[in-house]
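Q: Sequence:
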Amino acid sequence: MPRKYDNRRNYNVYSNFHVVGMDKERDSIYSIPFWIGLLVFVFLWGIFGVVYLSDAVLPTALEVADETDYPDSFITERAVNDLNYLTSLGPKLTGSSENEYVVVEYLSNTISSIISESHPNQYIEFDLQNVTGGYYLDDIAGFMNVYDRAQNVIVKLHGAQNESQNSLLVNSHFDTVPASPGGSDDGINVVIMLEILRKLSLSEERQSHNIIFLFNGAEEAPLKTAHGFIAHHKWAQECKVLINLESSGAGGKLILFQTGPQTPWLLKYYRKVPHPYGSVSAEEVFQAGIIPSDTDFRIFRDFGNLVGVDMAYYKDGYRYHTKYDGFDNIPLGSYQHGGDNTLALVKYLANAPEVAEQNGSIGNSVYFDVFGLFMIAYSNTTAIIVNISTAVLSFAVLIYSFIIFGTGLKKSTIKFFLFTVLAIIFGWVLSALYVVGLAYLLDPLSKTMSWYGAPWFIFGLYIVPTFGLSGFLTSFVNNRYNNFQNLSLGVRSQLQAHLLRLVWTFLLIVGTILNIRSTYIIMIPVLFSSIGFLVINVFRLHRTVRVWLIIYTGSLLIPIAYIIYQGWLSLVCFIPITGRLGSDKNPELYIGLITLLYTLLATSHLIILTALLRRSRWYYLALSTTFVVFFVLLFTPIGFPYSGDTNGPTPQRHWIAHTHRQFFDETANLTRNNSGILLLNMDRNSPNAVKAYVPQLKEPLSIEDDCNQYTFCAMPLTLGKAIKRIKYSSWIVASQPSFPANETLKFEVVSKDYVTSTRLKYFLRITGPDRLEFYFTPKTNATLLSVSLIDAVEPTKFTFKDRSVYVVLYQLGKGDGTPLEFNLVMEIPENHQGPTVDLGISARYVHQARIEKNAEYLEFLSKFPDWAHLTSFLAAYQSHII
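Residue numbers are given in the UniProt record's numbering: position 486 of the sequence shown equals residue 486, and the series is strictly consecutive.
Treat the hints as calculated values from the structure; they're not laboratory data.
Think about it this way: if two alpha-carbon atoms lie no more than 16 Å apart in a straight line, the pair counts; the simulated EDC-like pairs of lysine to aspartate or glutamate are: (1) K156 - E125; (2) K724 - E704; (3) K727 - D584; (4) K234 - D127.
Restraint ranges, calculated between C-beta atoms of paired labels, are given here: (5) T783 - W456: 56 to 64 Å; (6) L858 - P819: 25 to 33 Å; (7) N130 - E794: 21 to 29 Å; (8) W456 - N673: 48 to 56 Å; (9) T636 - N742: 47 to 55 Å; (10) N479 - A288: 39 to 47 Å.
Cβ atoms here follow ideal geometry from the backbone N, Cα and C, with glycine treated the same way.
Use the sequences and the hints to build the structure in full.
A: Right, dumping it as structure tokens:
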């Protein structure tokens with residue numbers, strides 16, 4: 001005889017017997033108050049709080065006085081003293097006296113002191129490299145990247161065998177971008193390397209392999225002296241493994257974000273460092289080119305065939321490449337975190353047999369830290385096995401649940417299952433449409449990037465609506481089929497939880513097939529959900545009123561906490577990056593879609609709770625009210641993205657060039673001459689956010705005609721990423737700037753000779769500053785064969801009016817003011833007469849001590865608000881037809 005319901009306690013309900021009018025009573029037993037749904041948000045917020053606080057924990061910084069108790073440990077105090085001096089010098093641009101003389105001398109003296117105090121057993125060599133060369137930056141844009149007399153400071157700590165030909169290379173850079181003292185990028189890593197060199201030099205024992213410390217002086221140029229070392233230095237060929245140290249933020253922890261390629265054995269050693277921190281997700285995102293930056297790692301990998309690890313500081317990325325990247329904002333624990341990990345890894349790799357044997361395991365890896373406590377790492381083959389095994393377990397638990405529920409494959413069963421799966425999918429689609437719709441709504445309202453200065457806006461604008469929209473349709477289906485097979489509300493909710501996991505399982509399989517290693521993020525909740533339901537089913541708890549729900553929710557605690565952890569780290573990284581994506585990209589889409597992904601991953605397994613809520617309209621009303629409140633706040637000062645507060649800056653970036661342009665015809669006659677101020681629009685709100693402060697920006701002059709007539713709009717480039725931004729930038733007519741007399745841009749065709757009847761050789765001379773860019777655009781009937789600044793001309797990625805465009809980025813290091821001279825060889829038709837190539841020359845004057853800004857330019861700059869970070873310089877552009 002069927003057992004009756006008893007509201008006083010939980011027990012198994014075995015009957016499928018249907019009693020008319022009893023469904024509502026049965027559902028009331030399994031339902032929960034609507035405020036439980038709101039309590040879930042409080043619970044998730046609590047998890048976030050724990051994640052946030054735990055991620056902020058840094059190791060205790062050691063002082064010199066602690067060295068007695070910790071003789072082999074990294075000492076932060078000495079590193080701090082070194083960085084204090086380096087940042088006091090201000091910006092240290094390649095080509096400046098600070099970079100080429102002052103820093104090089106400081107590093108040389110410090111290293112000489114370390115060598116003099118080293119243990120007698122150690123053998124240390126020091127070398128100062130002055131190097132000239134060139135190479136292609138193909139992945140960035142197809143640029144010819146040329147450097148001239150750039151400098152590297154190099155130290156070699158010999159291994160146990162004096163003649164060892166196997167070395168570990170440790171790299172950082174001491175140059176900075178304009179306007180930045182470079183405290184974190186990359187000063188902190190320079191001083192970490194100095195302290196590691198000190199510690200190892202004092203040891204009685206040598207490491208098995210050599211350790212080469214490369215302090216390079218032209219990374220921001222970009223990536224020039226890394227190539228200078230690996231292509232030209234006498235020790236380059238013996239380097240087998242790399243530790244590259246970088247920064248895209250200030251403070252926080254040093255994250256591992258690239259490893260390999262194809263060397264999982266590296267992770268065997270990294271996992272043993274004191275504070276493992278990193279994930280393969282960061283690696284895949286970085287290597288996909290989503291982040292508008294690159295590091296020396298790719299130079300050593302592509303030109304030296306090195307394997308290794310790439311690590312960087314990334315927290316507080318607002319300070320990256322700004323005046324705010326100084327000394328005072330870096331926590332002492334950040335030195336200790338990076339120093340402890342790097343010192344340990346240097347020791348592990350300097351003694352690793354794989355370095356010499358080069359026969360370690362091969363293949364990609366999946367790796368991720370667990371709340372910074374330890375790291376899980378396994379091969380890609382193991383990842384496939386784990387993912388497929390998880391999928392099989394998920395399917396098995398699903399089938400077992402269907403069997404014990406006795407649902408069968410009746411028409412009504414299939415219908416319920418189909419509508420549930422469609423509700424899940426369309427709930428996600430609805431959430432995605434909402435995110436995209438909001439992004440395009442906020443854009444014309446000029447309310448984008450509210451979360452840039454206040455990340456908590458993301459909660460009300462994206463997380464709350466996503467949670468509500470993604471679960472609404474599933475709840476509707478559950479209640480629509482309230483007498484499905486006479487199963488209770490609790491049972492129907494369990495079936496929907498299984499079907500939700502089924503959808504994620506399908507995505508897990510797809511990700512595995514596509515070899516996306518980041519699918520471990522999907523695997524974790526699928527695995528834990530499957531285990532939770534396995535426990536429920538094995539112990540026959542599936543028909544209890546509350547017990548199954550407690551076990552199921554409990555099984556998701558670790559996955560939810562971990563996904564929140566990963567999601568927060570992703571947002572911490574990406575939010576500051578949106579300030580330098582350019583005005584042509586809508587940052588709301590980026591942040592909205594990232595939030596959508598992690599919200600669905602973290603909370604979708606909990607949407608079954610919405611089907612259990614009594615008076616759920618109050619729940620949805622609360623969610624809607626939360627969104628409305630946050631939306632209204634967008635139109636208050638709270639929603640303004642930018643701040644110039646030095647304790648927590650969120651600046652809007654502006655690259656501004658006071659530019660003089662000259663255009664010459666094929667007879668070298670000046671045909672056009674003008675000047676203006678070029679403002680590169682670095683984010684979506686530029687220049688609109690500053691128009692109220694800077695009147696000249698209200699009606700800037702259009703450069704569309706120049707873009708149609710000249711390569712790159714006849715404007716001075718800053719770097720490759722500026723190419724796409726030039727046509728979205730602002731041009732304000734201004735008076736002519738004044739340039740240093742010995743650096744005024746001058747171009748001369750010294751000679752023009754026919755090598756053969758179809759080859760024409762130019763000998764060209766350019767006088768100007770240390771930063772030059774050339775744009776060669778051959779005429780339709782001509783082909784560029786060679787440029788003497790680089791070994792070979794490769795196919796270009798640029799075209800202008802169906803004509804190939806070749807770009808040279810030239811950087812002079814420790815120069816003496818002599819002109820740049822080089823040859824250019826063109827392939828032309830026989831008996832050709834007339835010009836063969838259009839040449840654009842861009843000269844940038846970035847060293848503030850060597851330039852003088854006129855009164856008009858200074859007045860223009862003074863009008864910007866304090867929350868605007870200005871990188872201002874002078875520029876000259878010349879167009880020639882030769």
